[in-house]
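Peer 1: For reference, the chains in residue letters:
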Amino acid sequence: VLRSRRGVITLIALAALVAVPALSLAAGQPFYIDLFTRVMVFAIAALSLDLILGYGGMVSFGHAAYLGIGAYAVGILSFHGIGNGFVHFGVAIPASALTALVIGFISLRTSGVYFIMITLAFAQMLYFLAESLNLYGGDDGLNIARASSFGGAIDLGDPVERYYFVFAWLLAFLYLGHRLVQSRFGLLLQGVKSNERRMAAIGFRTFRYKLAAFVIAGTFCGIAGVLYANAVLFVSPSIMHWTRSGEIMMMVILGGMATLVGPVLGAALYLILESVLPRATEHWQAILGPILVLVVLFSRSGLMGLLADGVRRRSVVRA
Amino acid sequence: VLNGTQFGVMLFLMAAGLTLVFGIMNLINLAHGALYMVGAYVAAATFGATGSFLLALAAAIAAALLLGVAIEVIVFRRLYARDHLDQVLATFGLILFFDEMVRVIWGATALYMSVPKFLGGRVELLPGVPYPTYRLVIIAMGLLVALLLYLVIGRTRVGMLIRAGASNRVMVAALGVNVVLLYTLVFALGAALAALAGAMAGPIFAVEAGMGENVLILAFVVIVIGGIGSIRGAFVAALLVGIVDAVGRAFLRPLLALLMSHAAADAAGPALASMLIYILMAAVLFVRPQGLFPPRGR
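Quick note, the sequences are listed as chains B and E, same order.
Position 176 of the first sequence, counting from 1, maps to 176 under the working numbering, and the rest follow consecutively.
Position 111 of the second sequence, counting from 1, maps to 111 under the working numbering, and the rest follow consecutively.
For the record, the hints were derived by calculation from the structure and aren't laboratory data.
Among these hints, one or two may not hold up.
[What the hints assert, rightly or not] What follows is a list of derived Cβ distance ranges for each label pair:
(1) E/Ala-173 to B/Leu-273: 38 to 48 Å
(2) E/Ala-140 to B/Ile-202: 50 to 60 Å
(3) B/Ser-183 to E/Ala-62: 50 to 60 Å
(4) E/Arg-155 to B/Ile-272: 51 to 61 Å
(5) E/Ala-81 to B/Gly-203: 25 to 35 Å
[Stated by the list, open to error] Some chain E residues flagged as far from chain B (calculated, every beta-carbon gap over 12 Å):
(6) Ala-58
(7) Ala-62
(8) Leu-65
(9) Ala-140
(10) Met-141
(11) Ala-146
(12) Leu-147
(13) Ile-153
(14) Arg-157
(15) Met-160
(16) Asn-178
(17) Thr-184
(18) Ala-188
C-beta: ideal position from N, C-alpha, C; glycine also.
Model the full structure from these sequences, guided by the hints.
Peer 2: Structural data, given as structure tokens:
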């Protein structure tokens, strides 16, 4: 791993994440534990999006929907008094996978701009559906009484244990993502991205591979949703709003598409900016917006590209 | 249904600008909603200061024209050659910026704009069915714009150049046309249409930061249903979406009440009504992945 710069960055990033709870407790700022828990949750979401966006070339603009499904699974089950974490995951995973299957099956018939817009439309449908669930808070959202319980093995109510629980998931997804990208399936997916017609001509049924990737990404993101619900103990429809999908996409781009650690860095950068800038000025979005524009205009491969390849090769534009 | 038509016409004003920019310049402009918002704000402010609705409209359009040219020159010019993803992101950044700037300038509370007096009355369309004049004016305005656009794009030299630029930018440039200027012009036109829609919407909806996004998504739905780059498609789809939306809101609940209990219908009705246009879009795309009126010869 240490042979490449990317490997080094990965290790540094992970080491930093391991050290966060100890450091923030030592500094007397436990707030940072929660901040970085959220960073990791969104890192998982961004990572899952990157699998289809960066590696598969599928620009899904509705990825927040799965985040919402995962979170609502926890919220609704807890509302009915089911606090068992295994049940939460057991419901959220098939639910998000099934949703991704349906959305993917219809959306993947289209491509390009139409694909962007149809995934957006599905996410908006789910958003309005969540808004109409009056029993579960509707517009105002739903408080979750307590975090998912795992029979005393892990206590997700404790910030540090929760932090490392999410961290473990992140590690697992990084590893899974790594294996996936290197596998025959992953290579096929990247082939489809660079030239779908050619892959089809060689004899692969590209639709199936794309759909499978879409479902995998949706499922990963659904798990991120479960973790999100546990981190903030609150779900509302706003988690599925299309601007949220935009934010997740932004994290991927900020960090660097088609890298696994990039989305993690991107999520960290985005959420840190989001929490630091408001202290400087009330109108922090007026600063964040132009930053995003500048990143898109001048740094094609995001933070990861800057760090890993240095300034030297930054001007190389991929077609 | 008339409310739906009026809403649809307003969507058309938005969507026409969007589809021009989108279809001709191949640029996804999420910030189009921001222009709509700026139009509404400028109109509301001018209207509040002078009391003249026509002046407010003119100011809104002028402001959007300037702003449109400015962001085209500063940001978008660099984006034409990029892929859609970059465009989505850059314009997403612009949305954040403009929403916040509007809050800086006009404050976080929503502005309200009253309907101008000379349009404030009601007209009896059919005996016993009064309808607000202002909404009728919006419908008329939208139809007028549609006609004008049709004539400009289809019948004039500039329109011809725009269409030519859409199908092959390099070729048109090689023939000695200043494509860069042409694009700026088209973009400004789109911006002006958005501002017009925003200014007209002012008296009907609250003028607030973020108002553009809701309409923007609907406008995208419209152009995707209509077929990207097709003004005609945008027109038909906008009316379709507007009417489906209004009818859904008005009739879905009583209709569902026939099928299930009242409480369930009360809950499901509004939800389904909100989802209806997205369902419509998904259905259209499922059957015709290129939209209803796909651009020819691509």
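Peer 1: Now, for every hint given, state plainly whether the structure supports it.
Peer 2: So, going through the hints one by one against the coordinates:
1. Separation of E/Ala-173 from B/Leu-273 is about 39 Å and conforms to the stated range, judged on CB atoms against 38 to 48 Å.
2. Roughly 57 Å separates the CB atoms of E/Ala-140 and B/Ile-202, a value that falls within the hinted 50 to 60 Å.
3. For B/Ser-183 and E/Ala-62, the Cβ-Cβ distance of about 58 Å falls inside the hinted range of 50 to 60 Å, so the restraint holds.
4. Distance hint check: the CB atoms of E/Arg-155 and B/Ile-272 are about 55 Å apart, consistent with the given range 51 to 61 Å.
5. The hint said 25 to 35 Å for the Cβ distance between E/Ala-81 and B/Gly-203, and at roughly 34 Å that hint holds.
6. Every CB of chain B is more than 12 Å from the CB of E/Ala-58 (nearest about 28 Å), matching its label as outside the interface.
7. At roughly 23 Å from the closest C-beta of chain B, the C-beta of E/Ala-62 stays outside 12 Å, upholding its exclusion from the interface.
8. For E/Leu-65, the condition that its CB be more than 12 Å from all CB atoms of chain B holds, with the nearest at approximately 21 Å.
9. Taking the minimum C-beta to C-beta distance to chain B, about 30 Å, the non-interface status of E/Ala-140 holds against the 12 Å cut.
10. Listed as outside the interface, E/Met-141 is consistent with that label: its C-beta sits roughly 27 Å from the nearest C-beta of chain B, beyond the 12 Å cut-off.
11. Residue placement check: E/Ala-146 keeps its beta carbon more than 12 Å from all beta carbons of chain B (closest about 23 Å).
12. Against the 12 Å criterion, E/Leu-147 stays outside the reach of chain B, whose nearest CB is about 27 Å from its own CB.
13. Here E/Ile-153 stays apart from chain B, with its beta-carbon at least about 21 Å from theirs, past the 12 Å limit.
14. With a closest Cβ-Cβ approach of about 29 Å to chain B, E/Arg-157 is found to remain outside the 12 Å limit, as its non-interface label requires.
15. Taking the minimum C-beta to C-beta distance to chain B, about 25 Å, the non-interface status of E/Met-160 holds against the 12 Å cut.
16. Distance to chain B confirms E/Asn-178 as a non-interface residue, since its nearest Cβ pair spans about 23 Å, more than 12 Å.
17. Annotated as non-interface, E/Thr-184 keeps its C-beta farther than 12 Å from every C-beta of chain B; the closest such distance is 18 Å.
18. With a cut of 12 Å on Cβ distances, E/Ala-188 stays outside the contact zone with chain B, its closest approach being about 20 Å.
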